[in-house]
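Protein chains: 2
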Amino acid sequence: MSQSRLALLGFGNVGRALARLLQRKETELKEKYAITFSVTGIATGRHGSAIHPNGLDLEQALHLVESDQSLSLITQYPIPNSLEFIRNCSADVLFENSPVNHHNGQPAIDHLRTALELGMHAITANKGPVVHAYRELTELAAKMKRKFYFESTVMDGAPIFSLFRSALPATQLSSLRGILNSTTNLILGRMENGETFEEAVQYCQQIGLAETDPSGDVDGWDAAIKVAALVTVLMGLPLKPQEVDRTGMRGITAKMVAEAKAQGKRWKLVCTAERDGNTVKGRVAPELVSPSSPLYSVEGSSSIVEFHTDTLSSLSIVEGNPGPETTAYGLLADFINSVKNQ
Amino acid sequence: MSQSRLALLGFGNVGRALARLLQRKETELKEKYAITFSVTGIATGRHGSAIHPNGLDLEQALHLVESDQSLSLITQYPIPNSLEFIRNCSADVLFENSPVNHHNGQPAIDHLRTALELGMHAITANKGPVVHAYRELTELAAKMKRKFYFESTVMDGAPIFSLFRSALPATQLSSLRGILNSTTNLILGRMENGETFEEAVQYCQQIGLAETDPSGDVDGWDAAIKVAALVTVLMGLPLKPQEVDRTGMRGITAKMVAEAKAQGKRWKLVCTAERDGNTVKGRVAPELVSPSSPLYSVEGSSSIVEFHTDTLSSLSIVEGNPGPETTAYGLLADFINSVKNQ
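Chains as they are written, first to last, in my numbering: chain A, 1 to 342; chain B, 1001 to 1342.
Calculated from the structure, these hints are not laboratory results. Where hints are given, some of them may not hold.
[Claimed, not checked] Here are some of the chain B residues that sit facing chain A, going by a computed Cβ distance under 7 angstroms: (1) Lys1025; (2) Gly1208; (3) Pro1291; (4) Pro1294; (5) Thr1311; (6) Leu1315; (7) Glu1319; (8) Pro1324.
Keep in mind it's a predicted model, so treat the numbers as computed, not measured. Here a beta-carbon is modelled for each residue, glycine too, at the ideal position from N, C-alpha and C.
Whenever a hint applies, use it, and build me the whole structure from the sequences.
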């Protein structure tokens, strides 16, 4: 029986969904994988942090944060900052869910590096470290005989990285094509139903999908960072988001959307990457798609990626109706696979 | 370095595609997985069989069969029948690719059982043993510390069984929906382009997709056996093809196809399975689908399956442009995963 001590750095929608999922799956993990766990640390952005080497009461922690109280009420140690949290949390596995920094991946990279150096598995839903430090963190993990896994960074919890890692051995990825940004896909869908761009953005902000400044989604940065992550990991070719040929969706007017609809077509913000020897071209740009394309039926916040490889000429993964629970599942799957494959 | 001796029982389009794929991937298997191999036995239906404990010359074997000569020219031993072939082939891995028997799964079940009892990994593209002997063969494999893998039985080489086995831990499948029979999907597509049912069937026979008697496809038997295989393995509930509520596509007339097309819709032979506690309802029947469905854009011999689970509310896998090479890849992936996970 393998007992894992877990630390959650980040306890927002995703972190709390992970806590609930861990509770729901506790018996299944024990019976099916012989995995038991305790949560020895939780760090939040606005509700303090707590560490208890014998395990925190998850239900109590959820209650405190959801009723806007501070976790420092239940901590056994003072916690001055994130790095000290990691150093003192007594964990075997760190779930790193700090906000993404597209520019340089910090401070998440430091968090993950510290965790790996301390001998923890390092699991994240944060894309920054994947595009800015994939090689460094992967090599460090190998050296420490631990795992650096990040399934939830692209298409929420849908298995993409683990698919290539375990289910598609001896396969070379030559190109990919997909819809990877939920917000713009939902905006375009709502514009088809007659909303203006501004109304659709406002809706996405209301449901918590878009940020106050929606430019990360609308200008294609989120899509570009996902293309960069897929290429870096699955093709083994480091690609920075800045190197992706990027056109956002601001040029798509209500009139263009209506005209496309009248023709039975749809505008989509399409991501592509194509390998050419040891170089790769990544691109994000609006495209008009017809019903004969698998991209056409990908509605709302759903996503799709189509892979072309040397063993399967076309393999697509479609994820429908994602939410914080889906992202949390990707983290849970990474945890199970880290411990199983150890 | 793990040296594997392989035996190929069945050397038709798929078996020969596997031989070519093994040749193409030889260096990659050695460098990436430390796997080396020799092929110590090949058995065919109409071109004799051959065994050589030190390894057959694959190129020579391919040449003999493709030029309509017999493998018995190069065998070191006389081979009276399939079971004797398995007993004498000196292999660590059996690739079982005999023709499918929907009724009782024989003789493939006997082949796989014999291989496992002799301590070989047993890998097959044959659906029969999965629906008629999944539990027995899986338990025997576990007892012998070997693998019984069958990725290529549903959706050719697309990762379905390995997805749940390795990339979707702690996930309970509640229902599925898909297009799993290539022949009927291609027939319906060609009828949309104005061919009669008979002309479309004839085309499928010409390209080697449909058999002389197309009823296995047209009456929904192939789709039903795939539903039964998915339910049996992924839901853990034994289901026989005869228990699937099955309506074939003979009731879909050219007029119905044309009317659907005029409305921007398509007829598809849709497979579904829904779990209800410890029972399951499996169904194959024609359905009218609109462009908002992911099934709409699945054309020709492509296939799709959408999974609804307790961790990911909707996850679909789409495979495009399959062929014998794709099926061969599923066998290769099973081989690599058998040896890696040993």
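Closer than 7 angstroms between Cβ atoms is the bar; does B/Pro1291 clear it against chain A? Give me holds or violated. Cβ of B/Pro1291 sits 4 angstroms from chain A, so the hint holds.
Quick check on the hint: B/Pro1294 CB to chain A CB, less than 7 angstroms? holds (5 angstroms)
Mind checking the CB of B/Thr1311 against every CB in chain A and telling me if the closest is under 7 angstroms? At 4 angstroms from the nearest chain A Cβ, B/Thr1311 passes the 7 angstroms test, so the hint holds.
Interface restraint verdict for B/Glu1319 against chain A (beta-carbon cut-off 7 angstroms): Holds - the Cβ of B/Glu1319 comes within 7 angstroms of chain A, reaching about 6 angstroms at its closest.
Does the closest beta carbon of chain A sit nearer than 7 angstroms to the beta carbon of B/Leu1315? At 6 angstroms from the nearest chain A Cβ, B/Leu1315 passes the 7 angstroms test, so the hint holds.
With chain A as the partner, please determine if B/Pro1324 meets the hint condition of a C-beta pair closer than 7 angstroms. violated (12 angstroms)
Should the hint that B/Gly1208 touches chain A count as held when the rule is a Cβ pair under 7 angstroms? violated (18 angstroms)
Less than 7 angstroms between beta-carbons is the criterion; does B/Lys1025 satisfy it with respect to chain A? With a closest approach of 5 angstroms, the B/Lys1025 hint holds.
Checked against the numbered hints above, the structure breaks hints 2, 8 and satisfies the rest.
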